[in-house]
Every structure is written in structure tokens, then in C-alpha cells.
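Colleague: From just these sequences and the hints, can you work out the full model?
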Amino acid sequence: MTTSASTSPQPTLAELQQRVEQLQQQLEQLQKKLPEDRLTMVVFSGELDRVLAALIIATGAAAMGQKVSMFFTFWGLNALRQQKRLRGKPWTQKLMTLLSPAGPTQLPLSKMHFFGAGAAMLKSLMKQKNVSSLEELFQLARDLGVRMVACEMSRDVMGIDEQELVSGLEFGGVATFLGDALRSRATLFI
Amino acid sequence: MTTSASTSPQPTLAELQQRVEQLQQQLEQLQKKLPEDRLTMVVFSGELDRVLAALIIATGAAAMGQKVSMFFTFWGLNALRQQKRLRGKPWTQKLMTLLSPAGPTQLPLSKMHFFGAGAAMLKSLMKQKNVSSLEELFQLARDLGVRMVACEMSRDVMGIDEQELVSGLEFGGVATFLGDALRSRATLFI
Amino acid sequence: MTTSASTSPQPTLAELQQRVEQLQQQLEQLQKKLPEDRLTMVVFSGELDRVLAALIIATGAAAMGQKVSMFFTFWGLNALRQQKRLRGKPWTQKLMTLLSPAGPTQLPLSKMHFFGAGAAMLKSLMKQKNVSSLEELFQLARDLGVRMVACEMSRDVMGIDEQELVSGLEFGGVATFLGDALRSRATLFI
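Residue numbers (my numbering), protein chains in the order written: chain A, -15 to 174; chain B, -15 to 174; chain C, -15 to 174.
One or more of the hints may lead you astray.
Which copy is meant is left open, because identical chains are indistinguishable; a pair holds if it fits in one copy or across any two.
[To be verified] Derived SDA-like pairs: lysine to any residue, alpha-carbon spacing no greater than 25 Å straight-line:
{"#": "1", "residue 1": "K95", "residue 2": "D145"}
{"#": "2", "residue 1": "K51", "residue 2": "E154"}
{"#": "3", "residue 1": "K73", "residue 2": "F99"}
{"#": "4", "residue 1": "K17", "residue 2": "R3"}
{"#": "5", "residue 1": "K113", "residue 2": "V141"}
{"#": "6", "residue 1": "K73", "residue 2": "S117"}
{"#": "7", "residue 1": "K78", "residue 2": "G100"}
Simulated from the structure, these hints should not be mistaken for lab results.
Modeller: This is how it looks when you write it as C-alpha cells:
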């Protein structure tokens, strides 16, 4: 592409100036394509252990100065629930609501669930070891400015009313997620 | 590394030209190391909800102009099945085939499966809300030029004949996946 | 930002030299923000099929010249066990220990587990097809210099003593993981 120095004819000062300006422009273009100091995650799972892992990574990254976005979709929306409502839903959505945990305190474990005993045991061990609870980590994430987006499409399909979710969320779709993911240093699907 | 302007001796025009050319070469090298406009995913799971999430992200990214690659491995291969064949397989692979879903329409849900009722309910809700079905999303992904690679090693181990999978797939291994992942803006393991 | 060549006044050789030096510095700064030849993963799952996938990707990437880091957390720690110890643990941690697999040879499958028959079948098929076993892949990963870090916090919460894990591990937290992830070409959560 570039001719080697030995074969190039001697340029004038004005020609060289022009090349330097082209380089400057190329460099600025390149800069725009670099990943930002940013971490993005999809929280697809609604299990206590996985949501905990997501929040520990999110708050850790935010504390290290990264911009962090969490996109809650499918079962992950259960981690954002504050109540259950049945009124006005078709029976399929009523059934899904009834079978879903009523909020972050009721999320199951992905292993050793034992009808809730596993999750209770994990929470008790976390308390003994002074590890922050899910609720505390959620609050910390919000305090650190973690962007929390609830997937509009899965909210609609699963029949979760906006009032069933905690306040202060954004609603968005796959384009919202991709907009952040494609300029991130790391993207996780949890 | 660089000497500061104040201490550098005045260069000749030829010397300066040489430095500009070196810069140009460094910049071109740097450009090659930048992530491309590309998204890569491993589809390890063979569950309806997870394969749906993968396809929604894949088609969304392709529609936004990204090159997208999906590597189907382990249970993810079940999403690519078009038929089951037993002939000529050892009994272990026959058993695995019998226990596998016969294609994308039979994929289970990762939660609330209830012997297929959960998946049927989700599909019915998606239809009501005008969300594309798995089959439509697969077709859309192909129309948008999403690269679909089936993992050769897990196909071989699980005893899935090439004829059992839909046509138009590539076959590859971990090097194929990494070749795309390492130059991507984001890589997901689903 | 940059003035176009046509309107810029003719610079002196010294002025042009200064601009070239600024460009050089900008380029060096940019270089530091590029992702390294590096792949990082969280191994959260303790299932044979998922740990296998993680190790196949890790050894493949290391063989291709990438620096690779694996962070084992939650159930993933079970893949690093070499023994079980109960002495001195509270009953909750004793119970967790009893219910955990005793090491990589006892990891369950995520699907078709059937009380261990599924995992045995997969291992037998892998052997027939000359695919390396989990133990061989672990050894290969170590030989290739893959960095293996056990999550200190989940080790503490789940009550796994350091002696219960294989030797030669590092212990670290979310900051250790993020330190590697944020400079990687790809990061996976498995």
C-alpha cells in the first residue's frame, strides 16, 4: 500500500502537511471504532445464583469505572418483580404469573433447589460470610448508575404488567441491548 | 519513548517524511487489530427459550449491519434437526437420538416445561403478540446472511448424521468459532 | 476538528515536526486501549458438558496463541475438586459438600443425566471418537499456560477448603476476572 521511503520522491512541505492531516483524520476515525470503557450483559436466567453472579460482576465493573448495562429478559424479568397481578390477563398469562416467583426474594437456585431450602441455605451462608444480599446488590448497582433495561417484548409475551416490576427501569428491545453491547469491552449472556 | 519536541534536533524534510511513513504503517497495523462489525455466538443450549433469544439477537444484529456467526454445539444441534435416523448407530447413540427432540418445533423450555405444555403456551403467547416463531426467525437469519456452523465434533460424538440436520449448514470446529469470535465486537455463549 | 489542507497556512518544518510527534503520542495511547490477544471466561456451571465446552474453547484459543483465563465460580468450583472434607464445617456447608460431586469425574450432565448414566454414556462416546477426556483437557490447558482462578468468595460461601481443590490454582475475586475480561477479545459466561 505505502511506498517505501527509499523510492518515494522528496515531497514538498505542503505535500507532507497534507499527508499528516490525512493521518490525523484516519486516527480519529479509528478512535471511534475502539470499544468504550463499558460492560454489557443479558440477564436471561431468573435463578438466584445466576442473578447474584450478574450483579456481583455489574457492581464490580461499575466500581472500577466502567459504564454497565444490564438487559433483563425472559426469566430474568422475575428478578425485577415487586408484585404479582392477575386481573385482566388471559389464562395462559395468569398461569405463568402464578408459577413465577413473586420477586427477587423468591428466586430459586439453579441447583440444589429442594423447594426453596437451597436458596434459603445459600442466603444464610452469604449472611454469615458478610456477602451482600441480592437486594443490597440491586441497590448498590442503582447507586453506581448501572443502566437497567427490561425487555419490552418478553414482558409483553409473558404478560408482566409494568406495575408488577420495580420502578426506575428503562424498557427496550434487542436494538437497545446491541447499541450498548457493540461498543463494550465485554458482553455476557447470563 | 518519543523525545519531546523541545529537545529534538530540527529534522530534514526527508527525515520527517520517513517518520510520517512509519506512522502510516503503524496505523495500518493497528487497524487490523480493531474488532470488526461482527457478533459471534455459541448456541450450546437446545431449549426453545434460549434458542429464541439467540435468534432474536442474531437477526437484530444482522439487521443493524453486523456480520453474525452462530456456532451450534452440543444440545444446540437439536435446533438444527430436520429428522431422526437410527439406522447404523451404536445403541448409545440410538438412545441419545430417541431422547432428543426431533427438530426446532419440539424443543423444550428451560423452565416450566410441564411435558411440553410450557413450550406450547409460550408459542401461543408469541403468536398472539405477533412475535415471529422460531421457524420464521431461522428463515430470517438465513435471509440476512447469518453464518450457521454446526460443531463437527459434537455432531460426531452425539451420533447425529449430516442428513438429520437442515441443509445449508457449514461444519466446523473450535478454530472456526474462534476465528470469528476473536475479531468480533461481542461474543455470547448461550 | 482538523482544518482542511486548502485553508491551513503553510507550516514551518518545526511546526510540522511537532504535529507528527503529537500524532505518534495519540497513536501510542490508542494502542493501549486495543483488546489484547486474550480470551477470558467465567465457568459458573459445574456440569460435565458445559465444563467440557469451556475447556475445548480454552485449549483451542491457547493453541492459537491467545492468553486464556478461566474463572471458576459457584458450581464451577466442583470441577476443580480433588476431595471432599466435612470436618469443622457448619451443617449447611456439610450438606452442600455431601450433595456436591467429588471432582471432575463425577460432574453431572445438564441434560439426560439419568443418575449418572448420561455422563457415562457421553464419556464412552467421547472415548470411541478419540475426543480428549475432561482430565486430559484440564492437563492440556495447564500445559498451555491457561490461567485458572478459583473465586475466593464463592469458595468461602460454599465452604470449600483450599485443600479440597486441585493444587496450582490462583484465588481471586471479581476484580481479578474483570482485569482480564476488559482487555480481552472475547469474554464468555459458561
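Colleague: If the cut is 25 Å between Cα atoms, do K51 and E154 qualify within a copy, between copies, both or neither?
Modeller: The answer is within: 16 Å in one copy meets 25 Å, while 28 Å across copies does not.
Colleague: Is it within, between, both or neither when you check K95 against D145 at 25 Å Cα-Cα?
Modeller: between (29 Å within a copy, 20 Å between copies)
Colleague: Within a copy, between copies, both or neither: which one fits K113 and V141 at a CA-CA cutoff of 25 Å?
Modeller: between (39 Å within a copy, 6 Å between copies)
Colleague: Can you give me the call for K73 and S117, within, between, both or neither, at a CA distance of at most 25 Å?
Modeller: between (32 Å within a copy, 22 Å between copies)
Colleague: At 25 Å max between alpha carbons, let me know whether K73 reaches F99 within a copy, between copies, both or neither.
Modeller: between (27 Å within a copy, 24 Å between copies)
Colleague: Is it within, between, both, or neither for K78 and G100, if the alpha carbons may be no more than 25 Å apart?
Modeller: Result: close both inside a copy and across copies, 22 Å intra and 18 Å inter.
Colleague: Please work out whether the CA atoms of K17 and R3 approach to 25 Å or closer within one copy, between two copies, in both situations, or in neither?
Modeller: both (22 Å within a copy, 23 Å between copies)
Consistency note: the structure conflicts with none of the earlier hints.
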